[in-house]
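Spelled out, the chains give:
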Amino acid sequence: MAASFISSLLTTDTSRREGLLSSRGGNLFLIILFSVTVLASIGNQLFPPGSPLHVDTYTITLLGKYLSYALLAMAVDIVWGYCGILSLGHGAFFALGGYGMGMYLMRQIGDRGVYGDPVLPDFMVFLNWSELPWFWQGFDSFPFAMLMVLLIPGLLAFVFGWLAFRSRVTGVYLSIMTQALTYALMLAFFRNEMGFGGNNGLTDFKDILGYDLQNDNTRVSLFIITACVLGGVYLLSQFILSSKFGRVIEAVRDAENRVRFVGFKTENYKVWLFVYSAIIAAIAGALYVPQVGIINPGEFAPLNSIEVVVWVAVGGRGLLYGAVLGALLVNFAKTQFTGILPEAWLFALGALFVGVTIFLPRGIVGLLSSWKKSNGGNA
Amino acid sequence: MELSWSEYPKFKRVPKRTAFSKNLVTAIILIATWISGVSCVQASDQPPETSFKELVDKMPSTKLKNLSKVVTDLEQESDPRLLPLFESLVEGKLYYVKSDKTVIMLNQELDDGKAFRATQVLDQTTIEHIAKSDIKKIRVNNKLRKQLRKAIAKLTLFSEDSNQRLAAVEKLMSDLNSENITLLKSAKESEQNNAVLEKMNLALNIALLDSNDKSIQKQAVKTLSGELHPSVRSRLNVILEQDANGEYLEDDKQLIALAESALVKIDGKLEFYGFIERVFFGLSLGSVLLLAAIGLSITFGVMGVINMAHGELLMLGAYTTYVIQTLMPNHIGLSIIIAIPAAFVVCGLVGIAIERGIIQFLKGRPLETLLATFGLSLILQQAVRSIFSPLNRQVSTPEWMSGALQINPGLALTYNRLYIIIFSLIVFAVLLLVMKKTALGLYVRAVSQNRDMAKAVGIRSDWVDAMTFGLGSGIAGVAGVALSQLTNVGPNLGQAYIIDSFMVVVFGGVGNLWGTLVGAFSLGVVNKFLEPVTGAVLAQILVLVFIVLFIQKRPRGLFPQKGRSAE
Amino acid sequence: MKLKKLMTATAATVSIALSAAVSAAETIKVGVLHSLSGTMAISETTLKDTVLMMIDEQNKKGGLLGKQLEAVVVDPASNWPLFAEKTRELLTKDKVDVIFGCWTSVSRKSVLPVIEELNGLLFYPVQYEGEESSKNVFYTGAAPNQQAIPAVDYLMEEIGVERWVLAGTDYVYPRTTNKILEAYLKAKGVDEKDIMINYTPFGHSDWQGIVSDIKKFGNEGKQTAVVSTVNGDANVPFYKELGNQGISAEDIPVVAFSVGEEELSGLDTAPLVGHLAAWNYFQSVEADVNEDFIAQWKKFAGKDRVTNDPMEATYIGFNMWTAAVEKAGTTDVDTVEQAMIGITSPNLTGGTAVMNKNHHLSKPVLIGEIQEDGQFEVVWETDGVVPGDAWSDYLPGSKDIVADWVEPIKCGNFNAKTAKCSGQNF
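Chains as they are written, first to last, in this note's numbering: chain C, 621 to 999; chain Y, 248 to 814; chain A, 147 to 572.
Rather than coming from a laboratory, the hints here were simulated on the basis of the structure. Backbone N, C-alpha and C define an ideal beta-carbon position, used for all residues, glycine too. Incorrect hints may appear among the rest.
[What the hints assert, rightly or not] Capping the alpha-carbon separation at 20 Å, the derived lysine to any residue pairs in SDA-like fashion look like this:
1. Y:500 with Y:517
2. Y:512 with A:365
3. Y:310 with A:415
4. A:362 with Y:776
5. A:361 with Y:370
6. Y:310 with A:430
7. A:503 with A:553
8. Y:383 with A:415
9. A:362 with Y:481
10. A:361 with Y:510
11. C:826 with C:729
12. Y:397 with Y:331
13. A:361 with Y:384
14. A:339 with Y:491
15. Y:512 with Y:654
16. Y:610 with C:835
17. Y:305 with Y:370
18. A:563 with C:979
19. Y:384 with A:365
20. Y:800 with C:787
21. A:449 with Y:635
22. A:368 with Y:424
23. Y:384 with Y:347
24. A:361 with Y:776
25. Y:418 with Y:402
[Claimed, not checked] DEER-style ranges, computed between Cβ atoms:
26. Y:761 with C:961: 24 to 32 Å
27. Y:313 with A:241: 52 to 60 Å
28. Y:573 with C:880: 37 to 45 Å
29. Y:792 with C:654: 19 to 27 Å
30. Y:514 with A:496: 48 to 56 Å
31. Y:612 with C:990: 47 to 55 Å
32. A:362 with Y:679: 34 to 42 Å
33. C:981 with Y:360: 51 to 59 Å
34. C:961 with Y:581: 38 to 46 Å
35. A:496 with C:659: 37 to 45 Å
36. C:975 with Y:676: 36 to 44 Å
37. C:981 with Y:710: 20 to 28 Å
[Claimed, not checked] If you want the footprint, here are the derived chain C segments under chain A, 3+ residues with CB under 8 Å:
38. 666 to 679
39. 722 to 728
All chains should be modelled from the sequences, with the hints used to inform the complete structure.
Right under this line is the structure:
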């Protein structure tokens with residue numbers, strides 16, 4: 621049903637550029653996002669458990685998780701779909717954002733940890749650390765922690781992008797470098813000496829800004845916030861990408877050398893887009909962690925980053941709501957599939973990779989629009 | 248916390264020490280006298296034949312913890328059947344027949360391990376065929392093995408085989424009590440072989456370090472100065488032991504000075520050999536990287552195809568080895584050799600299939616190729632998991648690849664690593680020859696440099712693409728055979744190497760085989776020299792960060808490909 | 147073949163579910179939370195099968211409280227956040243009465259807040275680092291004092307080890323175990339310079355340098371042993387390298403805490419023979435109850451399958467839970483939790499396991515030597531059972547902490563000094 625909805629809105633969108641600017645698809649996306657959020661929240665808060673209209677907290681948390689993933693997919697789409705930079709390391713920014721939030725949440729535990737130490741998180745007491753490492757300072761303050769969530773991944777993206785784009789590392793080289801980056805970070809975060817809890821990561825969070833994380837209201841609020849951020853980021857990105865900056869970016873994707881010859885400093889455009897995208901990924905991570913309740917180095921695994929790329933490819937790259945659609949669909953399929961036939965999931969995922977790249981270069985949204993186009997032509 | 252240690256239950260010791268050491272001493276004296284030809288063994292009340300037989304007959308029914316006592320008693324027997332008996336026991340080849348409790352030694356496996364040829368311990372007659380289900384093993388543990396090895400050392404000190412004598416002296420060196428010293432002295436008199444003699448002298452000199460006579464001690468320290476055997480170093484450290492205040496326990500200042508200078512000399516040598524050893528470790532890691540990356544340097548470097556399933560081709564190569572080995576379980580050494588061409592063919596065919604089935608549709612879209620092959624790697628992994636189970640598979644190492652080449656007591660190079668270094672160089676050389684000297688190599692280079700022009704002169708570029716990809720994949724399979732000897736053969740084998748191999752190729756310079764070689768070995772050596780300083784994890788991270796930064800500086804790697812195809 | 151196994155397992159699950167649906171309108175639901183895909187599937191699938199087998203058995207005996215048991219199997223896919231999600235699903239959607247699950251510490255840590263929030267009941271069957279005692283979790287695997295410390299005692303007293311290499315994979319279990327062992331060894335008078343500690347990453351395969359260091363460390367003339375908390379995959383290359391560099395089990399024995407029958411079943415055991423492992427159970431233990439269990443397992447899962455320690459822990463946990471439910475007459479979590487304490491149940495080594503006030507078991511500790519056939523020969527065992535210690539006496543942070551779930555303390559981490567109970571989630 622949703623598909624026919626989207627496709628009906630794509631009827632006139634013969635060109636992607638037009639779709640992006642007038643964006644009936646985008647408007648529909650916002651409408652659906654808004655209504656699902658409102659309905660789910662009402663369903664959870666107003667209807668008692670047992671009522672057919674009740675939405676349980678499990679579903680709310682699940683939806684919140686999906687929406688964080690959707691935000692991450694959007695971040696990847698911004699650099700890949702619009703600028704042709706295939707990042708296989710966006711999981712690193714996501715995880716760094718998550719760790720920033722996790723550190724704040726750890727500090728909020730205070731003396732309610734198992735060892736009852738007022739300052740040190742449990743894993744530090746357990747490793748006989750006597751004081752808080754310098755990089756943990758300040759994370760008890762929410763504004764500071766949020767600043768770090770944006771700053772650290774942004775800075776990493778800036779340094780990495782600045783070095784890479786200036787020396788014109790492009791294409792597959794860049795992809796491999798981003799993969800090495802997230803791999804190195806994963807190895808580093810697995811080390812217990814790093815002071816981030818090693819393999820166990822950060823967990824057992826109690827509350828956020830004084831609200832109990834296990835309370836249904838907090839969960840619904842987090843879900844609503846995630847939805848709002850997703851909508852907001854969508855609008856902002858839409859605005860940026862349809863501005864002059866966005867047009868240069870798309871031109872870089874299609875013919876970087878020509879843009880450079882015309883006189884644009886393409887590397888600057890790319891660096892800023894990369895930083896912007898990394899920050900979105902970090903925000904997604906920060907929203908993800910309080911909802912799932914744990915962050916550990918596994919989030920840095922190269923496989924995770926590559927999976928995000930597949931969400932985008934499945935949904936349709938070069939369209940922001942395509943990425944969102946892809947993220948939601950694949951994750952929904954994953955939840956269903958692993959429940960029924962766990963062994964078959966990797967086969968299915970692998971086949972999805974191969975099939976989409978060969979047969980569906982523009983993803984589901986692309987398929988729908990071309991299908992609609994031919995249908996419309998017949999009518 | 249709930250339980251303080253004083254309340255902790257008392258431990259029961261399962262294998263009880265009996266009057267073991269006392270008996271051992273008696274045994275040693277008896278054997279020593281027997282061996283040196285003094286025939287006074289018959290002095291015991293019981294004739295040896297009966298007691299040997301009695302003891303052997305006791306073995307099947309004796310529990311493991313009491314077996315040590317039986318062995319101790321056996322050691323007192325001066326029977327020629329003792330040595331093969333002990334050797335079988337220590338190697339786990341001593342069994343007994345379930346029906347009549349006859350103790351037998353297995354000689355040879357028959358019918359794929361379902362039956363054996365064996366020798367009876369008592370009457371030394373051969374049983375040509377006995378089924379595995381009819382016999383039961385006499386089990387041993389470490390303690391017993393240790394005891395047996397010492398006993399065997401004493402029995403083989405006068406063996407015909409000089410290697411056995413050498414091993415015996417080495418074993419006795421770890422336990423230089425007065426009986427063993429006497430034994431060594433008497434053996435030395437009849438010893439002809441220089442190597443054995445040298446080791447005996449070393450042992451006797453080490454024994455002299457414990458002498459009460461200071462001048463003998465000093466002389467021994469002088470003789471042993473610079474000697475790399477570990478017991479020399481540990482004995483010297485005993486002389487140099489200090490008490491809590493940092494005062495030497497030894498009074499003789501001259502002896503202390505001598506020992507110290509001897510130790511400095513030894514440590515200097517050890518440091519040097521330690522350095523060589525590190526280089527070897529580095530080269531070994533480098534050879535693994537080279538093997539993992541070399542196939543990729545063909546597919547990625549020459550064809551420009553990003554094959555994320557490359558790691559899985561390594562894995563398939565390793566699984567081919569496993570399959571070949573299960574097909575011929577009695578010829579482990581041969582199976583490895585056969586696995587090399589087999590893995591080349593299997594992986595080459597898989598490679599061609601990948602090229603024809605997926606990659607040819609994605610020409611000129613490298614990022615899509617990357618994604619599609621990544622999906623393929625997931626499928627291959629899961630396929631292996633479904634076919635062979637997610638558990639790691641067992642690939643045995645042939646005899647000639649186990650152990651180490653002992654250059655001196657301070658330096659030993661393990662054979663498997665040594666062979667793999669050599670093997671990686673051979674593979675590299677062969678590949679270089681193929682690329683430079685064969686028609687295929689010519690076509691490959693032509694297509695990679697200018698596809699249209701190559702087509703124009705009549706090269707079937709599709710065919711060349713498939714062959715090139717097959718070649719790269721086949722080489723990956725061959726590398727997988729080597730990896731099966733070093734690491735786990737399991738579905739995750741490939742993932743462990745994929746990022747490293749890409750790093751090596753990119754670092755060395757895409758499209759340049761020599762670059763891959765230099766890149767692999769230098770990264771290996773750097774990694775191994777970092778490891779003792781930073782630990783294994785940080786070393787790996789630092790190398791990765793280094794490459795990432797290096798590529799930013801020199802985007803085309805160490806040896807950039809020249810020519811116009813660069814952009 | 148694999149597929150066939152899968153199908154039988156699925157069929158078994160379905161048939162259990164079906165028979166339950168037919169025979170009783172109401173069933174008691176048992177959640178099974180073990181990874182069936184991903185890296186941990188190798189180990190955890192076995193435990194899922196064990197629980198299914200136990201449920202099958204119980205249903206044949208007429209179920210529990212007159213109702214049939216129904217297994218609800220989910221797959222957290224070795225993904226730690228997914229463990230929390232699936233726990234929530236089991237507790238809120240499927241409304242299970244008990245969960246058997248988790249293997250890694252991180253998965254347990256991930257599940258913990260959820261299970262405490264929703265007041266569920268989890269049986270955790272794997273040896274772990276301790277430093278935890280939750281009202282909602284029963285720990286049926288070994289705590290460090292039920293594995294590591296007795297193993298060190300054995301090496302010290304029986305083999306006369308004076309120099310120690312503590313080698314582990316860099317994660318929380320080896321870190322904690324080695325911290326505890328280091329403190330314990332020092333308390334026993336072992337000098338700082340006679341202890342070498344080394345950490346390697348997961349799946350480490352290039353052991354040349356480290357083994358060479360161990361060899362040098364062991365060449366100092368004193369008997370040396372390696373206490374290995376090296377995890378899973380990294381073990382085979384480690385033992386191979388030891389063998390190749392000429393270090394035999396007689397020279398430098400390695401005692402491992404994570405190498406069991408299941409891990410050995412896919413290995414070339416030649417380089418491992420003579421090395422040691424410390425567990426609370428070995429398949430080779432001669433006891434009638436063990437023989438029955440092995441026979442039952444082989445019938446259920448296939449004749450090539452082996453049994454191991456976490457399976458025994460699952461067996462004990464399951465039997466204790468059924469006993470507690472029968473004793474309490476209900477599956478209500480709070481009532482069952484209190485009924486669990488003091489429950490006894492036969493273990494597979496011929497003795498009896500007791501659930502203590504700290505939610506940990508009392509178990510015997512066995513040391514076994516690896517044999518060519520991948521089995522262990524028991525060479526030593528503790529005289530009686532050792533009660534599991536949730537909070538180690540050898541870590542400064544947890545010295546004063548006691549777990550006691552009986553009135554009047556009723557707290558998983560009660561600080562005896564400050565008489566305060568901190569960090570409880572209910």
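Hints versus structure:
For the hint pairing residue 500 of chain Y with residue 517 of chain Y, the CA-to-CA distance comes to about 25 Å; that exceeds 20 Å, so the pair is violated. The straight-line distance between the Cα atoms of residue 512 of chain Y and residue 365 of chain A is roughly 17 Å, inside the 20 Å bound, and the hint therefore holds. About 23 Å separates the Cα atoms of residue 310 of chain Y and residue 415 of chain A, which puts this hinted pair outside 20 Å; it is violated. Distance check on the hinted pair: residue 362 of chain A and residue 776 of chain Y sit about 17 Å apart at the alpha-carbon level, within 20 Å; holds.
For the suggested pair residue 361 of chain A and residue 370 of chain Y, the alpha carbons sit about 43 Å apart, so the restraint of at most 20 Å is broken. Note on residue 310 of chain Y and residue 430 of chain A: the hinted pairing holds, with a Cα-Cα distance of about 15 Å set against a maximum of 20 Å. For the suggested pair residue 503 of chain A and residue 553 of chain A, the alpha carbons sit about 10 Å apart, so the restraint of at most 20 Å is met. Distance restraint check for residue 383 of chain Y and residue 415 of chain A: the Cα-Cα separation of roughly 19 Å lies within the 20 Å cut-off, and the hinted pair is therefore satisfied.
Straight-line distance between C-alpha atoms of residue 362 of chain A and residue 481 of chain Y comes to about 11 Å, which keeps the hinted pair within the 20 Å bound. Between residue 361 of chain A and residue 510 of chain Y the CA atoms are separated by roughly 18 Å; this keeps the pair inside 20 Å, and the hint holds. Restraint check: the Cα-Cα separation between residue 826 of chain C and residue 729 of chain C comes to about 6 Å, which is no more than 20 Å; the hinted pair holds. With a CA separation close to 14 Å, the supplied pair residue 397 of chain Y and residue 331 of chain Y stays within the 20 Å bound.
Restraint check for residue 361 of chain A and residue 384 of chain Y: the C-alpha separation of about 32 Å exceeds 20 Å, so the hint is violated. The straight-line distance between the Cα atoms of residue 339 of chain A and residue 491 of chain Y is roughly 14 Å, inside the 20 Å bound, and the hint therefore holds. Restraint check for residue 512 of chain Y and residue 654 of chain Y: satisfied, since their Cα atoms lie roughly 18 Å apart, inside the 20 Å limit. This hinted pair does not check out: residue 610 of chain Y and residue 835 of chain C have alpha carbons roughly 53 Å apart, beyond 20 Å.
Distance hint between residue 305 of chain Y and residue 370 of chain Y is fulfilled; the C-alpha atoms sit about 16 Å from each other, no more than 20 Å. For the proposed pair residue 563 of chain A and residue 979 of chain C, the alpha carbon gap of about 68 Å is over 20 Å, so the pair is violated. This hinted pair does not check out: residue 384 of chain Y and residue 365 of chain A have alpha carbons roughly 34 Å apart, beyond 20 Å. A threshold of 20 Å between alpha carbons decides the hint, and for residue 800 of chain Y with residue 787 of chain C the separation of about 7 Å falls inside it, so the pair holds.
Among the hinted pairs, residue 449 of chain A with residue 635 of chain Y is consistent with the structure: their alpha-carbon atoms are about 17 Å apart, no more than 20 Å. Annotation: proposed proximity of residue 368 of chain A to residue 424 of chain Y holds, straight-line Cα distance about 16 Å (limit 20 Å). A C-alpha spacing of about 14 Å is found between residue 384 of chain Y and residue 347 of chain Y, which places the hinted pair at or below 20 Å, so the restraint holds. In summary, the hint linking residue 361 of chain A to residue 776 of chain Y is supported, as the alpha carbons are separated by about 18 Å, within the 20 Å threshold.
Between the alpha carbons of residue 418 of chain Y and residue 402 of chain Y the distance comes to roughly 12 Å, so the proposed pair stays at or under 20 Å and holds. Remark: the range hint 24 to 32 Å for residue 761 of chain Y to residue 961 of chain C is contradicted by a beta-carbon distance near 48 Å. Between residue 313 of chain Y and residue 241 of chain A the Cβ separation comes to about 57 Å, which falls inside the hinted range of 52 to 60 Å. The hint said 37 to 45 Å for the Cβ distance between residue 573 of chain Y and residue 880 of chain C, and at roughly 58 Å that hint is violated.
Judged by the Cβ atoms, the range 19 to 27 Å given for residue 792 of chain Y and residue 654 of chain C is violated: they are separated by roughly 44 Å. At roughly 53 Å, the beta carbons of residue 514 of chain Y and residue 496 of chain A sit within the given window of 48 to 56 Å. Under the hint 47 to 55 Å, the C-beta atoms of residue 612 of chain Y and residue 990 of chain C, about 18 Å apart, miss the expected range. Checked against the given bound of 34 to 42 Å, the beta carbons of residue 362 of chain A and residue 679 of chain Y, roughly 38 Å apart, stay inside it.
The hinted window of 51 to 59 Å between residue 981 of chain C and residue 360 of chain Y holds, with their beta carbons roughly 55 Å apart. At roughly 41 Å, the beta-carbon separation of residue 961 of chain C and residue 581 of chain Y lies within the given 38 to 46 Å, and the hint holds. Between residue 496 of chain A and residue 659 of chain C the beta carbon distance is about 60 Å. The supplied range of 37 to 45 Å is therefore violated. Distance hint check: the CB atoms of residue 975 of chain C and residue 676 of chain Y are about 41 Å apart, consistent with the given range 36 to 44 Å.
Separated by about 26 Å at the C-beta atoms, residue 981 of chain C and residue 710 of chain Y satisfy the suggested range of 20 to 28 Å. Figure legend: the stretch 666 to 679 of chain C, annotated as covered by chain A; annotation consistent (3 residues with Cβ-Cβ distances under 8 Å, at least 3 required). Using a Cβ-Cβ cut-off of 8 Å, 0 residues of the stretch 722 to 728 of chain C lie near chain A, which falls short of the minimum of three, so the contact claim is violated.
In this structure, the hints that do not hold are numbers 1, 3, 5, 13, 16, 18, 19, 26, 28, 29, 31, 35, 39, in rising order.
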